[in-house]
Structures are given as C-alpha cells and as structure tokens.
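Peer 1: Just so you know, the numbering used here puts 51 at position 51 of the sequence shown, and the rest follows in order with no gaps.
These aren't lab readings, by the way, just hints derived from the structure by calculation.
All residues carry an ideal CB built from backbone N, CA and C; glycine is no exception.
You may find that some hints are simply not true.
To be verified - Now the in silico label distances, taken between C-beta atoms and shown as ranges: (1) A57 / R6: 47 to 57 Å; (2) G2 / F61: 48 to 58 Å; (3) G50 / V30: 20 to 30 Å; (4) P34 / A8: 37 to 47 Å; (5) Q42 / G69: 30 to 40 Å; (6) W32 / A78: 26 to 36 Å; (7) W75 / Q42: 26 to 36 Å.
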Amino acid sequence: MGEAKRRAQQGLPPREPKRESPKDTSPRIVSWFPLTRNQANQFVKVTTRGAWVGIGALVVFWIVLRFIGPAAGWWTLADG
Numbered sequence: 001m002g003e004a005k006r007r008a009q010q011g012l013p014p015r016e017p018k019r020e021s022p023k024d025t026s027p028r029i030v031s032w033f034p035l036t037r038n039q040a041n042q043f044v045k046v047t048t049r050g051a052w053v054g055i056g057a058l059v060v061f062w063i064v065l066r067f068i069g070p071a072a073g074w075w076t077l078a079d080g
C-alpha cells in the first residue's frame, strides 16, 4: 500500500511538499573549483573553533599530567 493511500484511508491530509534549503549563491573562489566563498568562510570558522578546543584540551591534559597526577599519587615526575 502506498503512502498516499494509507493516509487517505486513515483520514489524514496529504503530506506537505519538502521545502528546499536556500541555494548558496555566493561566488566561487575559483571558477573551476566547486567551493564558494560562504563555504570557505564556514570552513575557517569550524577549523578555528576546533583549534581552540584542541588548545584547551592540551592545557587540561598538561595540568593533569604536571600537577593533579603527582598530587594524587598516580605517578611521580622524572624531573622532580
């Protein structure tokens, strides 16, 4: 049984047509490469945020390795 018949038998209204997402009309960076300026800007934003997350994770890891671990007795430092 098709979706339309099932909906009709159950007294449901027909489904709404899918809305298309707005098309990116920004100019391409290079005419032969399928990458637009909006996509390039979005890539820069995502990678910048990812870099800051990585830096934060590295700082947390260093604090645990240098201070929290030895204070909790998990290990001893080789230079201390």
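Peer 1: Now tell me if each hint is right for this structure.
Peer 2: Hints and how they fare:
1. Between A57 and R6 the beta carbons are some 50 Å apart, a value that agrees with the proposed interval 47 to 57 Å.
2. Judged by the Cβ atoms, the range 48 to 58 Å given for G2 and F61 holds: they are separated by roughly 56 Å.
3. Roughly 25 Å separates the CB atoms of G50 and V30, a value that falls within the hinted 20 to 30 Å.
4. P34 and A8 have their C-beta atoms about 42 Å apart, which keeps the hinted 37 to 47 Å range intact.
5. Q42 and G69 have their C-beta atoms about 39 Å apart, which keeps the hinted 30 to 40 Å range intact.
6. For the pair W32 and A78, the supplied restraint of 26 to 36 Å is violated, since their beta-carbon distance comes to about 55 Å.
7. For the pair W75 and Q42, the beta carbons lie near 42 Å from each other, so the given range of 26 to 36 Å is not met.
Of the numbered hints stated above, those contradicted by the structure are hints 6, 7, listed in ascending order.
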